[in-house]
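**Student:** Using the supplied hints, reconstruct the complex from the two chains, each of which is provided in its own coordinate frame.
Listed here are the chains, written in short residue letters.
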Amino acid sequence: MMVFRGIAWRLLYLFIVLSGISLGVFALFALAPGDPAEIILRERSEAPDRDQIALLRREMGLDDPWVVQYSRWMKRVCTGQWGESWRSGRPVWTEIAARGPATIELALASFFLVVTGSLFCGIIAAFRQNRIPDRLIQAATVVASAMPSYWLGLMLIYFFSLKMNLLPVTGRGSWPHLVLPAFTLALSVAVLQGRVLRAALIQIMVMDYIRFAVSKGLSPWKIFVRHILRNALAPMATLWGISLGQLLGGAVIVESIFAWPGLGRLTVEAVMGRDIPLVQAIVLLMAMIFVTVNQIVDGLHRQLDPKVGAAG
Amino acid sequence: MNRKTVNGKQRQRLAGGILLLAMVFAAVFAPWLAPADPLKPDLAMCLAPPSGCHLLGTDQLGRCVFSRVMHGTRTSLGGALTASLLALLMGAGMGITAALGPKWLKLPVTALIDMALALPGLILALVIAGLLGASMQSLVIGLALAGWPWWARFVRSLTLSAWEKEFVLAGRVGGVRWGRLLLRYILPQMQAPMLAAATLKTGWIILAFSGLSYLGLGPPPPSPEWGSMLQEAGIYMTRAPWMMLAPGAAITVAVLALNLLGEGLEGSGSP
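Chains as they are written, first to last, in my numbering: chain A, 1 to 312; chain B, 1 to 271.
No lab work stands behind these hints, which were simulated from the structure alone. Keep in mind it's a predicted model, so treat the numbers as computed, not measured. Note that the Cβ used here is the ideal one computed from N, Cα and C, for glycine as well. Check the hints yourself; a few may be wrong.
Simulated restraints, written as ranges between beta carbons of each label pair [claimed, not checked]:
no., chain 1, residue 1, chain 2, residue 2, range
1, B, P49, A, G80, 53 to 63 Å
2, B, A249, A, R57, 18 to 28 Å
3, A, N130, B, L107, 30 to 40 Å
Lysine to aspartate or glutamate pairs mimicking DMTMM-like chemistry, simulated, CA-CA at most 25 Å apart [what the hints assert, rightly or not]:
no., chain 1, residue 1, chain 2, residue 2
4, B, K106, B, E166
5, B, K9, A, D134
6, A, K222, A, D208
7, A, K75, A, D134
8, B, K103, B, D42
9, A, K163, B, E232
From the derived model, a few chain B residues whose C-beta atoms are all more than 10 Å from chain A [stated by the list, open to error]:
no., residue
10, R13
11, L21
12, V24
13, D37
14, A44
15, L119
16, R153
17, F154
18, K165
19, E166
20, L169
21, W178
22, S210
Just chain B, with the same shape it has in the complex (with noise of 0.2 Å):
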């Protein structure tokens, strides 16, 4: 790798860190950021386009949409980390079992790992939230379910080649208990690709997650979500264009920022 890419790398880090850190401010803070109340109607105001009053116009019931899509980051943004984190928290379980487990263990997890693997990830998310009835949990749920398996893959190659590294050899050899071995000697190994792989697939979650809400798959109308927003702003196409732009936008910019910092953060914590 020449310094170029390097430098690359680093720019490439930044920009998607400060993007990221930009929508997670806007997160926390949009009950006080935002100009209006997302779930308050004024029929007065339908379909307004943009003005000083409404930034980027209002939808069918007068709400204000920047007010939406900034409250959307929170059911948004906040669902896909949840279901991320749960299905990488899911997968390495599974992962380091398969790799590691006792032996009567290993080939029950490999082969559900096998089972959840033959299945198109978003069609099992599909299934598992609709069947479960729409709601953010349900989708939240159908989406960890989704992703677990990619991980316990992942994982279990990270945990099977850390393990014949030689200094893990060495402290096997040494009577190390098992459980140190796989904090102190196996997880420090995994930490740096983990983490990058953890930012990419986040960014297909949230793809996931609103691509399934824009189905009618999400939290329930009022709340704002940014899927939910762009199936509304599908049906008002001819009157309000301008309720198409805001949502997806939104969805683009977390997804790139995420990219971003993920293939940043791609092979550079190795030495």
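Chain A on its own, in the form it takes in the complex (with noise of 0.2 Å):
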């Protein structure tokens, strides 16, 4: 019974956060300076006359109380239609679903770079703990982890695209072209994930567990790979699918440098012209999918761990 309140209390409260939300992004018309009919005509035509503005004002609406707009604005989003861009003037939905492939790609890409990276340093570190591979990667990440990411791509496009003409400048389409952009998405979250692998593998190379199998005469690989590496992986599951999320919803600055035409590109475009329904639906929609994802992580996190319990 305390079980189905508590699921019934997160749901109202989800509901309440959300709506929260809505009333925000509905006041991203307010924060934007300028009047949204002559925007819109501005971008169809030359000079719009003040009748042609009075006039779509009262289509779109704009001149009734904001409760009214907001309530209209609501049954619109409820209802799936989100609108139309304000710049090209199709339905926002096929913009953002024109950029999303081209982010996922991107994402997956750097989270694999930032699995193997991270398994890679994090275990190099462990085993030659305090000697000078140990040092040089913790060198590295001190580094790399204070390093932004604008001006390690500026870099890596300099040396890599001009000088040794290896890899292409910017844009999309061959997998060289992705090599650059997932690189400097994953380096600086990919050390600092090795040093969690690291400090995990430590932790556990000292624990009487691994001194019995050592004294049992089990190989060594065997000991490394079935008692050492499997239990440090369950924390590192959970931080590689927190990344995943933040690299499928953060690659903002990355993608603007390499010309990745991704979300992140998409989102940075929409801001700068204004565009106000496409902003509206890239903030909605990224909004929505991280509480769901918080909520499932959640809820899974309060199965696995009965010490935090079922209500709420």
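**Tutor:** Structure below.
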């Protein structure tokens, strides 16, 4: 019984949070300076006169009180009509769907680099603890986590594309296009997670059951794979999962450096071009994905960890 | 914690502190220390490579890159510190309210925090600062509004765990007034973890500040800012690759200093 009350309460709370977010997203209209009707007309033709603006304002219902406007907007959002982009005139869903694949492609490529990179750094650092490889990786971690991606990206373009002519400069297409943006996006995440893995491995290596496995005469490889790595991977899986979410949502700057035609760049273009419906759609979509994922992770955590308990 | 890591923490604190002090020094005394005017164009010296006259070369308008990076400390570091402080103050207020405030206020404040946490911080800052229009103020406002929810959650949990401590309970039972309880009993306990978190968070805000400025959302062109300098350097990369060295290094050193300091401070204040 408690469980169901907990779930009902969580759903109600989720509803409150989401409607609050929708109110905030709706308020973006007010944040942008300038008359929406005028912006649209300017995009369509040259110089709109006052009558045209007034007509379009009435058509769009911009003269109504904001509560009326909000409920009308909300009704359309709930039925899936998220409006048209002011700049292109196409539905925002078309715009988003056109850019989604590029972002997913980049996120998956850098996720692969994050996993392999953190495994590589973490394992080497743990097994060469306080010796030269470990020290080198530590130093690299300190620098890489302080380095802005937009600097790293520019330097990579300079050396690998301009000087050595190995990789394409910007844009999307064949797989060499993916290398530099994916690496730029992955580096700081990979080294930081490598450090977490190092700590986890070192903690496990001194446990009694490892000493027991050694004295039992198991081969070092078997001990490493079956007893050490396997136990260290459980917490890492959570970290990797979180980072996949971040990679999907947070490539705004890297996509801009490499002119990668993904959602991050679309967000920047929409914000810079004051394309409010598009901005609203992106923000709303991201918020919905984030809130839902958080609830799922939270729920799983509650299921797996009896200490947390089911009631909210 | 063994002795070695304690010494390591001290070293980290020292290194971070010295680097940070040097940067603050450069920011305060930039007008006297910088060898040239960061804003004055010199069209005879466009894109000149590093030389004795211009240590780090010149940019597309012949301005001294070294002087611009030095003056940039004021805009970039100053802007990021302001945003960080605003985020901390807003977040702390909200967090304490969500933990200890009157019952009718707790739920709306908690819901507001969760709403703000439902978006990646950088996107929130991008949208707010971008729609307000590119300027120093809107970038600071955007980053402060993107940063406070994290602080609110952090301070809320710190407050709640401080509230549960026995001597606070003793104070509550003993009839200590609410304001005194907060100032003398609870806040002192939160000082150390908040200081460590503030340094680490400021590092993130510097990266975000210059990053958004790289995208064109920062203070408009003539003013020197590390992120926008990098954006310009990207355009002239083939002809003047030296332009991108100094601003990027400056950001890295600033964030590095704050990271070292923050990690050194972490866990050091509690006995």
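**Student:** Looking at the structure, which of the earlier hints fail to hold?
**Tutor:** The structure breaks hints 2, 3, 7, 8, 15 and 22; every other hint is satisfied.
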